[in-house]
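Participant: Just so you know, the sequences run in chain order S and B. Start counting the first sequence at 2; every next residue gets the next number (our numbering). Start counting the second sequence at 151; every next residue gets the next number (our numbering).
By construction, these hints were calculated from the structure, which means they are not laboratory data. Cβ coordinates follow ideal geometry from the N, Cα and C atoms, glycine included. Heads up, a few of these hints could be off.
[Stated by the list, open to error] Quick list of the computed label-pair ranges, beta carbon to beta carbon: (1) A57/S to A281/B: 43 to 53 Å; (2) A57/S to I178/B: 28 to 38 Å; (3) T71/S to G292/B: 35 to 45 Å; (4) T116/S to E273/B: 43 to 53 Å; (5) N179/B to A134/S: 21 to 31 Å; (6) L208/S to S206/B: 25 to 35 Å; (7) P240/B to V53/S: 50 to 60 Å; (8) P182/B to I82/S: 51 to 61 Å; (9) S406/B to V53/S: 45 to 55 Å.
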Amino acid sequence: MSSSIIEVPGNWTFFLDHRAEIFSATLDHLTLVVIAMAIAILIGVPLGMFIVQRAALRTIALGIASIFQTIPSLALFGFLIPIPFIGGIGKRTAIVALVLYALLPILRNTYVGLTGIDPAVLEAAEAMGMTRAQILWRVRFPLALAVILAGIRTATIITIGVATIAAAIGAGGLGTFIFRGVALVSDSLILAGAIPAALLAILADFLLGLLERRLKVS
Amino acid sequence: MGLSIEMNTKTVDSSGNSIEFCDVAYHINVIPARIIVSGISLTISQGETVVLLGRSGSGKTTLLKLINGMLLPSKGKILVQGRATADWDPIRLRRGIGYVIQDAGLFPHFTVAENVALVPSLENWDAARTAARVEEMLQLVGLNPREYAKRRPRELSGGQRQRVGVARALAADPPILLTDEPFGALDPVTRAELQREFSALARRLGKTIVFVTHDLREALLLASRIVLLEAGRIVASGSPKEFLHINHPEVRAFTSSLSVPPGAST
Numbered sequence: 002m003s004s005s006i007i008e009v010p011g012n013w014t015f016f017l018d019h020r021a022e023i024f025s026a027t028l029d030h031l032t033l034v035v036i037a038m039a040i041a042i043l044i045g046v047p048l049g050m051f052i053v054q055r056a057a058l059r060t061i062a063l064g065i066a067s068i069f070q071t072i073p074s075l076a077l078f079g080f081l082i083p084i085p086f087i088g089g090i091g092k093r094t095a096i097v098a099l100v101l102y103a104l105l106p107i108l109r110n111t112y113v114g115l116t117g118i119d120p121a122v123l124e125a126a127e128a129m130g131m132t133r134a135q136i137l138w139r140v141r142f143p144l145a146l147a148v149i150l151a152g153i154r155t156a157t158i159i160t161i162g163v164a165t166i167a168a169a170i171g172a173g174g175l176g177t178f179i180f181r182g183v184a185l186v187s188d189s190l191i192l193a194g195a196i197p198a199a200l201l202a203i204l205a206d207f208l209l210g211l212l213e214r215r216l217k218v219s
Numbered sequence: 151m152g153l154s155i156e157m158n159t160k161t162v163d164s165s166g167n168s169i170e171f172c173d174v175a176y177h178i179n180v181i182p183a184r185i186i187v188s189g190i191s192l193t194i195s196q197g198e199t200v201v202l203l204g205r206s207g208s209g210k211t212t213l214l215k216l217i218n219g220m221l222l223p224s225k226g227k228i229l230v231q232g233r234a235t236a237d238w239d240p241i242r243l244r245r246g247i248g249y250v251i252q253d254a255g256l257f258p259h260f261t262v263a264e265n266v267a268l269v270p271s272l273e274n275w276d277a278a279r280t281a282a283r284v285e286e287m288l289q290l291v292g293l294n295p296r297e298y299a300k301r302r303p304r305e306l307s308g309g310q311r312q313r314v315g316v317a318r319a320l321a322a323d324p325p326i327l328l329t330d331e332p333f334g335a336l337d338p339v340t341r342a343e344l345q346r347e348f349s350a351l352a353r354r355l356g357k358t359i360v361f362v363t364h365d366l367r368e369a370l371l372l373a374s375r376i377v378l379l380e381a382g383r384i385v386a387s388g389s390p391k392e393f394l395h396i397n398h399p400e401v402r403a404f405t406s407s408l409s410v411p412p413g414a415s416t
């Protein structure tokens, strides 16, 4: 980091001068979020489908997922660092933590979406001679999709926010600016991280909300 | 079986479309077991419209679900087309039995046409045959295909949804049709309209129909035979004309509900 960054006051010239750095940090940030969300979806949605019929496992899965959600994010990053394989300093640890955070909304909404379907619809599906697999893929899943997507949307916004804290364990991203800004008492630096992060969250919320409304059926 | 009432005079063709309950009981296996229906022996011949009449919780719906294998009997057996439901592949059995329920249970993410085409599509009919069948079915239930085929269920009235429900149940031309209070949630005017049309349709199609209701008027209009259930047992059975004269307290309870003069409730 060059010393000029510290001295420039919080105005638009700062953003213009450092647009390349901000852009690359935004990209880093987005990469973290996309990887973490992809993993969380790949775990959360199938697991949510799996626990629909299994009450005991459901209690355990939802319980564990909600415990992760209650741990303050900075503490969760801290907890993970000493753990072998997944821990340590850097992106990998950050992604693990982000996945754990994103899991609950995805898992819960998948379960709620799949079970919140009009019983008359399911009864008709069974009575018309659909197999269990057909009922799952052609009835339950399409009807639950909007609710599942709402969970993914919530999880994405959480992940974008929490990912700024991941900079504390060396994962990079927009949090880097914020932490440096706090350390150096530089509003410009803080804003260089905070504004793009906020814009990312708003944009993700808007786009996923759009998709969700298109998928909503009744 | 302690039924004294005349059974249907049609000969029962065991290879045909008959349904036969042989001393059937169904209980839910909690401890102690909860008996839902018991001692059920009943033969339903091809082309008959049997109305299962009874109060809520009398076991009507359970009998219906025993026919299409959504429930299997705890005791006895139910023969459908001569074969016990327990021996049927449940999917094959159900594809040959139409099913209509109170709230229609249409798939909200399917169009009207897709809903009607459900069983044909599960049976892998080709597109042309399916499309022709959907059109035929919609016309059969009095819905103009050009106007309604592309609509979603939420864009229909309750009566129209129920028409689509009937069209869906009949689409693959099943020999048997089960209906569970299909008109129960409709306003009285629409209900009367659909009852009349359904009655005409039933006569024309010659399907074996088992119709569940708690409405005696509906039973009298539609049934070739009324079977009255009380607390999980058959207590009376007969043609509509005979039924009114059966001397049983539960029959009288139902017939007395008819004798309320118009306007008496106001």
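Participant: Give a verdict on every hint.
Facilitator: Outcome of the hint check:
1. A57/S to A281/B: 43 to 53 Å: Since the Cβ atoms of A57/S and A281/B sit about 47 Å apart, the hinted range of 43 to 53 Å holds.
2. A57/S to I178/B: 28 to 38 Å: violated, 21 Å
3. T71/S to G292/B: 35 to 45 Å: violated, 57 Å
4. T116/S to E273/B: 43 to 53 Å: For T116/S and E273/B the Cβ distance comes to about 29 Å; the hint is violated.
5. N179/B to A134/S: 21 to 31 Å: holds, 27 Å
6. L208/S to S206/B: 25 to 35 Å: violated, 49 Å
7. P240/B to V53/S: 50 to 60 Å: violated, 20 Å
8. P182/B to I82/S: 51 to 61 Å: holds, 57 Å
9. S406/B to V53/S: 45 to 55 Å: The hint (45 to 55 Å, Cβ to Cβ) holds, given that S406/B and V53/S are roughly 47 Å apart.
In terms of the numbered hints stated before, the structure departs from hints 2, 3, 4, 6, 7, listed from lowest to highest.
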